[in-house]
Each structure stands twice: as C-alpha cells, then as structure tokens.
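Take the given structure of chain A and dock chain B to it, following the hints.
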Amino acid sequence: MNLQLSHFSAAVLFGVFASVVFGITQRSTSREQIRYGLYCFAMFVGGVFVAGWVMWILRR
Amino acid sequence: MANPSTIKETPTQPLTAIAVLAPAIGWLIPGAGHLIQKRWIRGLLLMASIVCMFVLGYAMQGRVYRPNGGDILDILGFVGDVGAGGLYIVIRALDLGQGAIAHATADYGTKYIIVAGLLNFISAADAYHIAIGKKP
Chain A
1 MNLQLSHFSA
11 AVLFGVFASV
21 VFGITQRSTS
31 REQIRYGLYC
41 FAMFVGGVFV
51 AGWVMWILRR
Chain B
61 MANPSTIKET
71 PTQPLTAIAV
81 LAPAIGWLIP
91 GAGHLIQKRW
101 IRGLLLMASI
111 VCMFVLGYAM
121 QGRVYRPNGG
131 DILDILGFVG
141 DVGAGGLYIV
151 IRALDLGQGA
161 IAHATADYGT
171 KYIIVAGLLN
181 FISAADAYHI
191 AIGKKP
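Protein chains in written order, with the numbering used here: chain A, 1 to 60; chain B, 61 to 196.
The following block holds chain B by itself, in its conformation from the complex:
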C-alpha cells in the first residue's frame, strides 16, 4: 500500500466562469474563446484559418456528415464536422453540403471540413488552457 505522504497531489485549477465560457464560445465561434480573453491576434488568426478552411471545403463541394450510427468512418466524420460548432450548425440548418461528389478534388473538400472541426477542438482546448492560466 502506498504511503499517503508519498502520493503527489496535482494542483487543481480553480473552475472559474471564464474557464467554462472560453472553450464553449471558442467551439461555437472559432477563435472567439481567445478573443474574449483579449488575445486579439491569436483569436483572429484562428478564426480566419478555421472559417476559411470550412468555407473552402464547402466550396469544393465537400460532404457534410449527419449524425449516423453506421460505418465507423462516417461516425468519425460526423465527430470531426461537429467540431466546427456554429459553422456546422449553420450549414446543417441551411441543408447544404449534401450534393453528390462530382469531381476528384471534392474529396479534399470533405477532408477540409472535417479538419476544420478538429482544429477548432484544439483551438477551444487552447482557450481553456489560457483561461486557467496554464498558458500565457
């Protein structure tokens, strides 16, 4: 049995309102998690990159995944797409991104949309780390 005195206690970060809001808003609007913490340049660069990637993916006739319980790759595609937050909600609300793939580079579009969502997950996690003071 481990000696209680030898167990290292990891310092717990205080759960503040900004620590909850920053990643949530960052997920909903890419880069906004940084902007509300006054990281203007980082926030704008993240927003520009993620929004451009998502829009270019759609412009390349990429496919937008819907919630599904079928093929594992389709499920993972949906998880990636959902990462884009508000962009995904808007594109689903407008019922876009369901066209038949007509040319080879349309597959790039599908990947652009998925990766934009995954990058937004990373961005939201970064906003959380800034909020708890783990990163300057």
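Bound conformation, chain A alone:
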C-alpha cells in the first residue's frame, strides 16, 4: 500500500478522527458529544489555516 495524501487532506483527516474520539470520550450526553466533536474539528481545521499563514509569513 502506498497512499500519498496532500498535507491539507492529511491534516483534515487527522482532525476528523481525533475529533470523533474527543467528542465521545470527553462529554457525557449525545448532544454535548456532537457539539464538542464539531468544536474540536473546527479548532483543528482553524489551526491548520493559522499554521499555514504563519509559515507563509515566516517564509517571506
């Protein structure tokens, strides 16, 4: 097997899987789990964009 993802898609997939586990394990009720999972995913994706822009600025 040789799967080659782009940096962005690898980071987003990472965020999806980690968010599912965080949501289920860190909250008790179903509603809270969904909300927390979505919050974590948003933070992961947001972090990817922020890190991307920081690297772009540093590179200049």
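Misleading hints may appear alongside valid ones.
[Stated by the list, open to error] Okay, derived cross-link-like pairs now, SDA-like style, lysine to any residue, Cα gap no bigger than 20 Å in a straight line:
(1) B/Lys195 / A/Arg35
(2) B/Lys171 / A/Val45
(3) B/Lys194 / B/Ile96
(4) B/Lys195 / B/Ile182
(5) B/Lys171 / A/Cys40
(6) B/Lys171 / B/Gly146
(7) B/Lys171 / A/Gly47
Hints were generated in silico from the structure; no laboratory data involved.
Relative to chain A, chain B alone:
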C-alpha cells in the same frame, strides 16, 4: 496534625469484572470496551476512527516503532504505538511498517499510527469510566 474527622474520604468504586474487562478489551480491540457495555454507536464510531487512522497511517508508509531503549522520542513513539493494542500486535506479527520513508507525507503516517494508539488509550479509559458508573 489533621483532625481525622476533617479528612474527606473519597468514595471508592467497586472493582467489578466489567471494570477490569472493559478497558482491557477496549485496548485490545479499539471500541470493544464500549461495545461489550452495549454502547453500540459510541463503540462503532471509536472503532472506525481508530482503526481507520491506524490503517491510513500504515498505508502512508508510516513507521511502526519497536521496543527500544534508545532515543526518548523513539521510546515515546513505541508507547504510543502500543496503545493500538491488537492492531499493533498484528502489524508486528506480520513484520510490517519497517519500510524506509520514501516521501514527505510518510511522516504523517508515523504520526497517524502513534496518535491512533494514544486515542485508543483515551477510549479504554472512557470504557472504564462507563464500567464504574462515573459516566452514563
């Protein structure tokens, strides 16, 4: 000296068979600790997430750490990998995950495998909390 009457006693949870089995099975098979407690959706979601992450990590040619006493990062990598339980045992038994890293994103694969193991530790701890009644 503290007055014995002022010392707060923390309530001890009864150590039942399920409280021992749930995290152990949850570690061996990701999500199974929840499934044996009839948390079907949670268990299946955890299983899908952790197994997919581990398999994708391997598919990206990630490195699987072996037991080692060298660099601290290698030791921590091994600890993370071991968290995947049965997946780690299978991949080691088949002697996979030792290929040379051929492209940049293969490093993502290594991290995927480590994080899958760490997430499985969290999942097993959650199964324990459900078993002792600390979480619904």
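Comparing the hints with the structure gives:
no.: 1; hint: B/Lys195 / A/Arg35; verdict: holds (18 Å)
no.: 2; hint: B/Lys171 / A/Val45; verdict: holds (17 Å)
no.: 3; hint: B/Lys194 / B/Ile96; verdict: holds (17 Å)
no.: 4; hint: B/Lys195 / B/Ile182; verdict: holds (14 Å)
no.: 5; hint: B/Lys171 / A/Cys40; verdict: holds (18 Å)
no.: 6; hint: B/Lys171 / B/Gly146; verdict: holds (18 Å)
no.: 7; hint: B/Lys171 / A/Gly47; verdict: holds (17 Å)
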